[in-house]
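Colleague: So the protein sequences, as listed, match chains Y and C. For the first sequence, the working numbering assigns the number 759 to the initial residue and increments by one for each residue that follows. For the second sequence, the working numbering assigns the number 2 to the initial residue and increments by one for each residue that follows.
None of the hints are false.
Listed next, the in silico DSS-like pairs over lysine-lysine satisfying Cα-Cα at most 30 Å (straight line):
| hint | chain 1 | residue 1 | chain 2 | residue 2 |
| --- | --- | --- | --- | --- |
| 1 | Y | K1130 | Y | K884 |
| 2 | C | K321 | C | K92 |
| 3 | C | K70 | Y | K884 |
| 4 | C | K138 | C | K386 |
| 5 | Y | K1153 | C | K129 |
| 6 | Y | K1234 | Y | K1096 |
| 7 | Y | K826 | Y | K990 |
| 8 | Y | K946 | C | K70 |
| 9 | Y | K1021 | Y | K948 |
| 10 | Y | K1189 | Y | K1234 |
| 11 | C | K189 | C | K129 |
| 12 | Y | K1093 | C | K162 |
| 13 | Y | K820 | C | K70 |
| 14 | Y | K1018 | Y | K1047 |
| 15 | Y | K1234 | C | K195 |
| 16 | Y | K948 | C | K54 |
| 17 | C | K297 | Y | K1012 |
| 18 | C | K195 | Y | K1047 |
| 19 | C | K57 | Y | K934 |
| 20 | Y | K910 | Y | K1012 |
| 21 | Y | K990 | Y | K838 |
| 22 | C | K224 | Y | K1180 |
| 23 | C | K189 | Y | K1180 |
| 24 | Y | K1216 | C | K170 |
| 25 | Y | K775 | Y | K1215 |
| 26 | C | K129 | Y | K1059 |
| 27 | C | K170 | Y | K836 |
Covered stretches of chain C (chain Y as the covering partner; in silico rule of three or more C-beta atoms under 8 Å from a C-beta of chain Y):
| hint | stretch |
| --- | --- |
| 28 | 165-173 |
| 29 | 179-193 |
Covered stretches of chain C (chain Y as the covering partner; in silico rule of three or more C-beta atoms under 8 Å from a C-beta of chain Y):
| hint | stretch |
| --- | --- |
| 30 | 105-118 |
| 31 | 303-309 |
Hints were generated in silico from the structure; no laboratory data involved. Here the structure is a predicted model, which is why all the values come from computation and not from measurement. For glycine and all other residues, C-beta sits at the position ideal for the given N, C-alpha and C.
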Amino acid sequence: MKNIFRKIGFGLGPDEKIPSDPLKWALGQLDEVPPFVWQGNIPTEKELRKLYGKFIYGDREKLRKKFKKDKEGYKREKDKLRHETGQRFWQNLEFSIRHKEAIASNVPVLTRLWYFWGNHFTISDKDFLKKYTTGAYHRETIRPNLNQTFEKMLYDATTSWAMILHLDNSDNTGPKSQSANEAWRRKKNKPATINENHARELLELHTVSPNAGYTQEDIIQLAYIMTGWRYKWNKTSLETGNVWFRPDRHQPGKKIVFNKEYKSGRKGLSLVIKDLANHPSCREFIATKLCRHFITDNPTKEMIKPIVTAWEKSDGFLPEVHKAAIKVVFEHQSKHNKFQLPENWFLQMAKMADMDWPASEEVMDTYILGTKPFDNHRRSEWTMEELGHSPYNSKQPNGWPDNQADWLSPELLIRRLILAKKSWFYLKKNKRNLETYEKIVSNNFDKPETILDLLSKKDQLQDKHTLLFNSPEMLKA
Amino acid sequence: MKISRRNFLKGSLTTLFVAGFNLPIYALNNIKKNLVVISLRGGMDGLCALPIKNDKNFEKLRPDLILDKNLEINSDFVLHPSLSTFHELWKEGKSSFVHATSIPYTGRSHFDGQDLMESGGKVPYQIKTGWLGRGMKIANLEGDGLALALPMPLLLRGVPKNDNYYPAKGKLPDKEILEILSQVYSNKSEAELKSLLDIVKSRPKVDTSYGQSSSRDSISLAKKAAKMMIKPNGPRVAVFEVHEFDTHSAQGGVNGTHSDCLSEIDDIVRTLKKYLAKDFDNTLIVTLTEFGRTIKQNSGLGTEHGYGGAILMAGGLLKKSQVYSDWPGLKKKELFEKRDLNSTIDARSIYASAMSTVFDLDFKRFKDEVFWGENLQNLSDKLFKNI
Chain Y
759 MKNIFRKIGF
769 GLGPDEKIPS
779 DPLKWALGQL
789 DEVPPFVWQG
799 NIPTEKELRK
809 LYGKFIYGDR
819 EKLRKKFKKD
829 KEGYKREKDK
839 LRHETGQRFW
849 QNLEFSIRHK
859 EAIASNVPVL
869 TRLWYFWGNH
879 FTISDKDFLK
889 KYTTGAYHRE
899 TIRPNLNQTF
909 EKMLYDATTS
919 WAMILHLDNS
929 DNTGPKSQSA
939 NEAWRRKKNK
949 PATINENHAR
959 ELLELHTVSP
969 NAGYTQEDII
979 QLAYIMTGWR
989 YKWNKTSLET
999 GNVWFRPDRH
1009 QPGKKIVFNK
1019 EYKSGRKGLS
1029 LVIKDLANHP
1039 SCREFIATKL
1049 CRHFITDNPT
1059 KEMIKPIVTA
1069 WEKSDGFLPE
1079 VHKAAIKVVF
1089 EHQSKHNKFQ
1099 LPENWFLQMA
1109 KMADMDWPAS
1119 EEVMDTYILG
1129 TKPFDNHRRS
1139 EWTMEELGHS
1149 PYNSKQPNGW
1159 PDNQADWLSP
1169 ELLIRRLILA
1179 KKSWFYLKKN
1189 KRNLETYEKI
1199 VSNNFDKPET
1209 ILDLLSKKDQ
1219 LQDKHTLLFN
1229 SPEMLKA
Chain C
2 MKISRRNFLK
12 GSLTTLFVAG
22 FNLPIYALNN
32 IKKNLVVISL
42 RGGMDGLCAL
52 PIKNDKNFEK
62 LRPDLILDKN
72 LEINSDFVLH
82 PSLSTFHELW
92 KEGKSSFVHA
102 TSIPYTGRSH
112 FDGQDLMESG
122 GKVPYQIKTG
132 WLGRGMKIAN
142 LEGDGLALAL
152 PMPLLLRGVP
162 KNDNYYPAKG
172 KLPDKEILEI
182 LSQVYSNKSE
192 AELKSLLDIV
202 KSRPKVDTSY
212 GQSSSRDSIS
222 LAKKAAKMMI
232 KPNGPRVAVF
242 EVHEFDTHSA
252 QGGVNGTHSD
262 CLSEIDDIVR
272 TLKKYLAKDF
282 DNTLIVTLTE
292 FGRTIKQNSG
302 LGTEHGYGGA
312 ILMAGGLLKK
322 SQVYSDWPGL
332 KKKELFEKRD
342 LNSTIDARSI
352 YASAMSTVFD
362 LDFKRFKDEV
372 FWGENLQNLS
382 DKLFKNI
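Start from the sequences and build out the full structure, keeping to the hints where you can.
Modeller: Set out below in structure tokens:
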């Protein structure tokens, strides 16, 4: 039963009271999106995007030209520019904000769902996105939509600057658009063509999945609808300008997706998104994904159905979808144990042992733009990368997998062993005692005696710590 | 351009006839033969790696992506300049290519495609093991697989006790703790965790106390793989991963993203050759990707998801240097769905033949037991040599 606090959250801290009605406790977290627990500085996505722009402009337009023949000089000046724009810092600040929500907020279940949707609408590791803006996209585009409809979250994610850049939609131009006839295209030999990347992933990853049986022609037609949606480009901001719709790059004429007609123009996108969000395959795909994430690699029809029903009844209102999903997790909690994904495992450890994690507001706010961040600013970035599960760093737009087999390998086990051992050093001084470990065990596990028995096999507290966090009970939930 | 389907078919009929008398004699000596698979994620552009010469359709469709510094290999194809090691090996008869090939998947999705290139099946996410893992299983190669990656690729799953290498930073807990955990995993019937931990425990000490200096770039990983493979009881199968072939924009010329990815393949092969030394002659390296890319460039100077592509191969187990292809042509009516290079050879025929050659078992067993008896051709005699 106590497993549920890790299944849908991050476990309980040593001094935390066990909620008397766990289901009520969980469902009560899903209606509102409270402000962040983080009390330190939180820059806006726009500010961070501006720094991104400053970096690429300085590098491409200035340094590369100035230091064409001086490799050393180029490297030195580029490092300076990195620090001037905080390139090695922002990701760490984002991790601190993100992890503080897991460990110190009273909405850990909502936080797990925030992580889920951030991964569903993945911004993978491309260009400098993770270094500047992916965290802010998770904060500003994904999180405020946790108590909105799926359709709204989908529209916001699709038209966000991060997604447009990430999936190349700025290169998606109608071959019959006004812009197609512009003289510069002939001069530079750049004919107007569509770019299918974003349209394909909108269908495949974000909404209906290949189960819906769309054709290559559907993808092309959706790409036509999306033509003209791009970042505003100018000579200094380069590709970091706001997203807008350019009618002169839009493919004229009607388009047909899933046998339905869409008129030409800006509105086509919101109309097609509405239909995709309400497509039966979309509901089923996402309900299955939720079950796979929280319960088992092989969700059953019985698990998926209540979530689909809640979606239908509420028109995809996410708090209702989430509540249905959490109820399903409760129903199946004793039948399935799932190997925990590395970031979750690490945060569970941090919360259960009340570790000094993440780096605090005081530490992070000492950072001064223009300087090189200190090691204590950067420990979360290094830790997440070492775990192999850095949330802004997935290699492909399908995000991190939920299947257990994808996380089981000798090297991945080595990471858990090393990081459990190393995390001992993040333990607060007043928590380094046997009583704390007894409390951790009794708060989080149904059969504390078997785990205490395991811990008794070593005398040193640090060894007990390593054993506890690599026990089968801890690795799974 | 001289290559045509007719020429090809004539050539292969002769070979087939000869092959009928040339029954396979499997090696009875104790040479340890190695198979290396490099997974290319994102869709490797076969026509960028191995462009066709003097083809008007090709020149018309991607005028800005054809380089003028390509390396000469034969009358029909050239090699991308980043593949210089392959070019060197070509002269020694130790590199060859299969062109206009693909796994039998035409859906153009990366994720379905990558699942299928590894599982070898036809329905995405249905098969939970990889063709290589299943092939190793029937050849009794338990504990002989090595992935140079942090997760265990689907490709290798299906045979127990595979190892992987991707050096960590920091030190493992001491041996006693590992023993205690191993005991607990065993008591609680956590067979999978126990098996992983046993592999970790069995590693030499030098491997379990990683320093900050251990590097994870392709060259360092290839060096490590080679050093493990030259040991008599070392792994016989290695899997590498190269990412970022998905160049929808700025695919570019010599300095573009696709070039960087091809360089990475070349680095791996060059490093393996250097450190495998004489064992390179007992080794076969093949690439694997989910699909080729469109012939036509887009306005961002990239390419879209396509179908047919190429397999790059290197090593001493190749029969000779050749571009093996049943070339379908690039005229519009010859293209797949009027857009992509067609695939005329099921890539799985190459992989089944490669396993048959390296694992010394009859082709039919791989065809039947790994690929469910599907209609695959035995290309062992045409592409590989028995030693």
